[in-house]
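What follows is each chain in one-letter form.
There are 4 protein chains.
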Amino acid sequence: MNIKVGILGATGNVGQRFIQMLENHPIFDLEVLAASHRSAGKKYAEACYWYQSEPIPEELANKIVVPTDANHKAFEDVDIVFSALPSDLAKKLEPEFAKAGKLVFSNASAMRMEKDVPLVIPEVNPEHFEMIDVQRENRNWDGAIITNPNCSTIGAVITLKPIMDEFGIDLVNITTMQAISGAGYNGVPSMAILDNVIPYIGNEEEKMQTESLKLLGKFENNNFVNGDFKIGVSCNRVPVIDGHTESIFVKTREEAEPEEIKNVMDKFDPLKEYNLPTYAKPIVIRDELDRPQPRLDRNTGKGMSISVGRIRKDPIFTVKYTALEHNTIRGAAGASVLNAEFYVKKYL
Amino acid sequence: MNIKVGILGATGNVGQRFIQMLENHPIFDLEVLAASHRSAGKKYAEACYWYQSEPIPEELANKIVVPTDANHKAFEDVDIVFSALPSDLAKKLEPEFAKAGKLVFSNASAMRMEKDVPLVIPEVNPEHFEMIDVQRENRNWDGAIITNPNCSTIGAVITLKPIMDEFGIDLVNITTMQAISGAGYNGVPSMAILDNVIPYIGNEEEKMQTESLKLLGKFENNNFVNGDFKIGVSCNRVPVIDGHTESIFVKTREEAEPEEIKNVMDKFDPLKEYNLPTYAKPIVIRDELDRPQPRLDRNTGKGMSISVGRIRKDPIFTVKYTALEHNTIRGAAGASVLNAEFYVKKYL
Amino acid sequence: MNIKVGILGATGNVGQRFIQMLENHPIFDLEVLAASHRSAGKKYAEACYWYQSEPIPEELANKIVVPTDANHKAFEDVDIVFSALPSDLAKKLEPEFAKAGKLVFSNASAMRMEKDVPLVIPEVNPEHFEMIDVQRENRNWDGAIITNPNCSTIGAVITLKPIMDEFGIDLVNITTMQAISGAGYNGVPSMAILDNVIPYIGNEEEKMQTESLKLLGKFENNNFVNGDFKIGVSCNRVPVIDGHTESIFVKTREEAEPEEIKNVMDKFDPLKEYNLPTYAKPIVIRDELDRPQPRLDRNTGKGMSISVGRIRKDPIFTVKYTALEHNTIRGAAGASVLNAEFYVKKYL
Amino acid sequence: MNIKVGILGATGNVGQRFIQMLENHPIFDLEVLAASHRSAGKKYAEACYWYQSEPIPEELANKIVVPTDANHKAFEDVDIVFSALPSDLAKKLEPEFAKAGKLVFSNASAMRMEKDVPLVIPEVNPEHFEMIDVQRENRNWDGAIITNPNCSTIGAVITLKPIMDEFGIDLVNITTMQAISGAGYNGVPSMAILDNVIPYIGNEEEKMQTESLKLLGKFENNNFVNGDFKIGVSCNRVPVIDGHTESIFVKTREEAEPEEIKNVMDKFDPLKEYNLPTYAKPIVIRDELDRPQPRLDRNTGKGMSISVGRIRKDPIFTVKYTALEHNTIRGAAGASVLNAEFYVKKYL
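Protein chains in written order, with the UniProt record's numbering: chain E, 1 to 348; chain A, 1 to 348; chain H, 1 to 348; chain W, 1 to 348.
Treat the hints with caution; some may be incorrect.
Note: identical chains are not told apart, hence a pair may lie in one copy or across any two.
Restricting the straight-line Cα-Cα distance to at most 30 Å, the calculated cross-link-like pairs of lysine-lysine (DSS-like) are [to be verified]:
no. : residue 1 : residue 2
1   : K346      : K99
2   : K63       : K302
3   : K218      : K43
4   : K218      : K267
5   : K43       : K267
Hints are computed from structural coordinates only; laboratory data are not their basis.
Use the sequences and the hints to build the structure in full.
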């Protein structure tokens, strides 16, 4: 029997991706589309400016949008809500849904670094889900909030995990070239980015640095313990629609040849046996000299795989490589959906 | 009395930039435009597809292009030739011009790493010009070949020089986001780069790594001695017309605060007193959060200044910052012209 | 029982689209991939630079490419070949395949305007297929050559057909904004088109003007008779990857309101009952103020539908509107495949 | 003695262009920069986000912005104000400045079609300035409002004027491909236009159609009389930063060959003898097959010349050609400044 789910912030960029991923989902039935009061009461197709390259799913086009109110009767039978809320609203509203007994799988950054909120990539730190019990006790909630990382963090961390497991990691240096869709539909004016690079994304470097340490850390005695390595990041916006490209440099604890790094990445497939609907091989290795590229490779694994190429030696670090992820699928909506699928399969 | 000069490879991308920089030059008179046999004999305006945003200088449009032949009589009174030849042709033809008594200021990579060929940025390593005497003796030339670095090297090295002088440098890590003009007019198909990033530029990482060590090294006992630091680079192509953006991370020998790094960069102005026509303040500091940006800042100092911004701490390195240079002016034609101006002023 | 088919020019832009459309095709079995001698003998994945956003079909990646030789034994059992050959090669090689008994469905322009060669859009002028008998007799071929129009012609003509049938057409004026993929992978340098428009495409205006008259003409007494209207065209290249956008102005014979024009377009669905695998509703009407747009609408009907919007009055013409087509699907590979499907269903 | 001038709406896109054009102006002294209350009181460099590719003029960077208040003492000695106000504000505020005795040269659309407001291109309809007397009497103003056309109108109308004068004009059909800067800095999100065309610009077609008739009409008995021809337009936005490209089709009254059309355009130079500082030859003919192009030709005549190319026959119209204008220079700030220069020279 399927689980009824809803989307908070259904009309925005990530909300639209949630809709695409939950349409015809084998275990989730998408029942509720919630958005701001401005949109509530309208048909979904009229409330949002749909700008995906696939048309709006017909059965949802006429669905009436409800307000983002945890006590609205539309949510009565809903067990899981996916949140694409902006950070300030998420901070206020997600706890209300958790209090109302919902499992909130959130893409918002608001709660990610809270001490009792799991920040999870299921291939990387599934044990962090255990924190839910603590969270419920702390906050006296029936539901819970589970978060996934920032779009630019997730691609890097998935590639670092198998390296850390096999060789240990001392230092990580990353320079990102991030797609415009990461800033939302109105986030980057065309006058700002055509024929241009913007070498700054607000709070992005801080998020990548703190989130990576939490994700690659441990869960011990009901506490998160940060990973024991250093990470420095420089973030840039480039004129690409979807797909964050990252130049990653890693110094491992133990010696490792590029070929060995490539092998541990290629074999990394920890959730295979769960048969989760949204799961794809987490890392796909590209052997061509000039790949991965965002326009050609962002849809690998239906947007859920990280493409990795150019694994090679570096004079300072052990290895350097290029990683690419679809920032609004694997880096946002897909991350939340995969978290929910894993949680349902393992814990419900 | 002015010096008569010529351009080798006058019809290509860098050749056109040479023309713009030598038009109305106060000490160089542009007398000869040389190109391939296919172009020779035609008027310049017919031999080349001019695609600069300023129109072709009228007095050059009708000039007849000559073949790239050191013994052609058009070169008789010419003392200096600027070379925008492709690497393979440069290797063959530049020595012939040097043998014929010309000073060859070359943007080609062919001879840069030769043991007796100066690779010079005049603000950085002017003493390398001394190698010319050795070169002439070695090769029995009346003229000489003087090279400037690869476009992506020069922006980084100029910013590293004042840091090295003041604090010493141990480690340098760079990720580049390079403009399409660096590959020449036909170098990057639009199908390859629209809505895309290409994480590979042939030989570029190697050039940046080896050239930086030579440029920031010493000239001792008639030998070049590499700089004593490590440098690792990752190069990417982005959909930008002109202007290479670089995320640079530096570990200094002595402790240094970002504010101190900024100050030494800002004060760096070693050639000021020479009053060279093409000279501009080598480093211009931008204090905005989100600068430099290629479209807005590439023309700083008429394309001759490196714009630097976002100087900040890094968890691994001492400091990180973003540098931007106009790759076909400061990174190519302008570099050669400045070398020639400095040489003429100091040595002739 | 399925029909065995091959592709000529399988490694290029349109060739790759043919592969995507023939993979898992219900009535065509893709048996032969042919390309130049340089590619022949190699595995397909090695012979071509695959740059579609979906990965290369696995079962074809290892297929050995054969030379484009009508007598090669690989073609023995093949009944149909799809041609993505460049025009000059098509002129020479396609007749050899027709002579060898193959039905050649060609996207090349070489033979389109020949007096005995059908130029067909099956929704528009299916009766032109009757010319095959004449062609065979004229040329003493067992096979035949059937062509489809130029990519920018097809979108316009499909929208004109229902208007002509209902109201008659006197004048047609079109300005195109065409995607870079129409010129092939190396056709448009990025230096030529970033931040730019190129108001010229070689021979494109002539093709659109002559092909439209043939397509919207008649087949009478074994001759093609041109349509009785005037058409003028201006063609431009814009920085769009796929999808030609066209501003179309039409003067009808009889009076017609925009709403009526919209209705006849919307109802136009002449091949519905054939249930052809590649068929989609030929015209999809968009009611939004600002559609169709290439990035959002090019995949409508899996790239086979023409999207039409902004149908409105004009001070000079009866009506003006914007039409959009996927130029490498409906405008190239998909056009040939649909022709073949229709022919097989109706005539074999 | 120079005339003191001010700018209304000095911080926006067109305001910045006004500043560039009035810096070091030989007859206008830029004394006042006015903007919204949010900006008033700040230094100009802090009040605006300067995003031109040339740096902000130093002497203006520290100038204190004043509110857009006609009675503010900063305007006391100012005779001319240039208005880059948004249309709704222009409607309210420009009359207050005219009432206060200022000559308002406005780029806003608000007053363009008023019966007593001149809409002028000085090369085209300078006699419309005579309406100022009527306006003053009607409205009891000491000053006056003089407008220039919409950015996409001006390029077309300048090319039509010499054709009309020589051959007469019956029909004009235009399809535009307009730059993003026309919509202001935040006007077009990058998600909307990268790899895309938007076939709609609000009110643009109506403006082009009505303004062209007024501009190419007469001034008779103190009334504007519309030109006697029909014009139909289709407007599109393309991913170009500056420069509107237009495919124009013209049916003349008398027969005319493309070569003749070219000649009358080329000779069109009606204001030459005035020696206006901002004036450039109004039409520059390009003979290349594929020009004009916005990135290469928008700066022709420092952005004040219309580039015209591809003048050729059309099956329906007499002639078709491509015109290009710099939309924020000739199509906005430069148009107002030229109007003011002409007015000062002729009438003051």
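A quick look at each hint next to the structure:
1. K346 <-> K99: within (22 Å within a copy, 64 Å between copies)
2. K63 <-> K302: Cα proximity of K63 and K302: in one copy and across copies (26 Å, 25 Å).
3. K218 <-> K43: Result: close neither inside a copy nor across copies, 45 Å intra and 47 Å inter.
4. K218 <-> K267: This pair counts as within: shortest intra-copy Cα distance 22 Å, inter-copy 47 Å.
5. K43 <-> K267: Cα proximity of K43 and K267: across copies only (26 Å, versus 46 Å in one copy).
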